[in-house]
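Peer 1: Sequence:
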Amino acid sequence: MKMRLNWYKMSPEGYKAMLGLQKIVDESKIDHRLLELIKIRASQINGCAHCLEMHTKDSLALGENEQRIFLLSAWREAPLYTKRERSALAWCEALTYLPQSGAPDEVYNEVKNHFDDKELVELTMAIVAINAWNKLAVGFRSEVGNYVSKLTKKNESSKKLNT
Numbered sequence: 144m145k146m147r148l149n150w151y152k153m154s155p156e157g158y159k160a161m162l163g164l165q166k167i168v169d170e171s172k173i174d175h176r177l178l179e180l181i182k183i184r185a186s187q188i189n190g191c192a193h194c195l196e197m198h199t200k201d202s203l204a205l206g207e208n209e210q211r212i213f214l215l216s217a218w219r220e221a222p223l224y225t226k227r228e229r230s231a232l233a234w235c236e237a238l239t240y241l242p243q244s245g246a247p248d249e250v251y252n253e254v255k256n257h258f259d260d261k262e263l264v265e266l267t268m269a270i271v272a273i274n275a276w277n278k279l280a281v282g283f284r285s286e287v288g289n290y291v292s293k294l295t296k297k298n299e300s301s302k303k304l305n306t
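For any residue, its number in this note's numbering is found by taking its place in the sequence shown, counting from 1, and adding 143.
Don't take every hint at face value.
Unchecked claim - PhoX-like cross-link-like pairs, simulated, lysine-lysine; straight-line CA separation at most 20 Å:
hint, residue 1, residue 2
1, Lys166, Lys261
2, Lys255, Lys152
3, Lys261, Lys172
4, Lys172, Lys255
5, Lys200, Lys261
6, Lys255, Lys166
7, Lys278, Lys159
8, Lys278, Lys166
9, Lys172, Lys226
10, Lys145, Lys278
11, Lys226, Lys278
Stated by the list, open to error - Cβ pair distances, simulated, as ranges:
hint, residue 1, residue 2, range
12, Glu209, Lys261, 29 to 35 Å
13, Asn208, Asp248, 30 to 36 Å
14, Asn252, Lys159, 35 to 41 Å
Hints are computed from structural coordinates only; laboratory data are not their basis.
In this text, a Cβ means the ideal position worked out from N, Cα and C, and glycines have one as well.
Build the full structure now, drawing on both the sequences and the hints.
Peer 2: So this is what it looks like as structure tokens:
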């Protein structure tokens, strides 16, 4: 699919603001493999091929198990995820499907059991960021098929994660 509009060149201020939000996510103390799973799950829901390609490749580069990526859309039925990961995935879905879900108290209370306040804000910022990136990428038809991850297991903490 051909890119409709190069939005980041048309709005360098908007792009800079998005990168500022992404910096908060990149500097989070939350395991970046979990953050990549969150990015993949939101991108599945939003139908963002560009972000699915990017975050699947980044997740693999960080050492994520392929089976966990393959089964992510059915995480509730798959026994491969920890309680912490499940709470984060449920929170991701609740916020991504916000008009339908209303961010239910039971989902919030469960994620609150597994993340401290700072982590919960960082997790929520990650969900907000990927949803925004998804909308930009889908809306303007960002290219798919050429992404090469710069991440490795060794440089997880020293390299900033891509959006």
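Peer 1: Does each hint hold? Answer for all of them.
Peer 2: Status of the hints after comparison with the structure:
1. Lys166 with Lys261: Holds. Lysine 166 to lysine 261 sits at ~15 Å (cutoff 20 Å).
2. Lys255 with Lys152: Distance ~39 Å between lysine 255 and lysine 152 Cα, so the pair is violated.
3. Lys261 with Lys172: This hinted pair holds, its Cα atoms lying about 9 Å apart.
4. Lys172 with Lys255: holds (16 Å)
5. Lys200 with Lys261: Not OK: lysine 200 and lysine 261 at ~28 Å, beyond 20 Å, violated.
6. Lys255 with Lys166: violated (23 Å)
7. Lys278 with Lys159: holds (16 Å)
8. Lys278 with Lys166: holds (19 Å)
9. Lys172 with Lys226: holds (18 Å)
10. Lys145 with Lys278: holds (16 Å)
11. Lys226 with Lys278: Roughly 29 Å between the alpha carbons, so the hint for lysine 226 and lysine 278 is violated.
12. Glu209 with Lys261: 29 to 35 Å: The hinted range 29 to 35 Å holds for glutamate 209 and lysine 261, with Cβ atoms some 31 Å apart.
13. Asn208 with Asp248: 30 to 36 Å: 32 Å Cβ-Cβ, so the 30 to 36 Å window holds.
14. Asn252 with Lys159: 35 to 41 Å: holds (36 Å)
Checked against the numbered hints listed earlier, the structure breaks hints 2, 5, 6 and 11; every other hint is satisfied.
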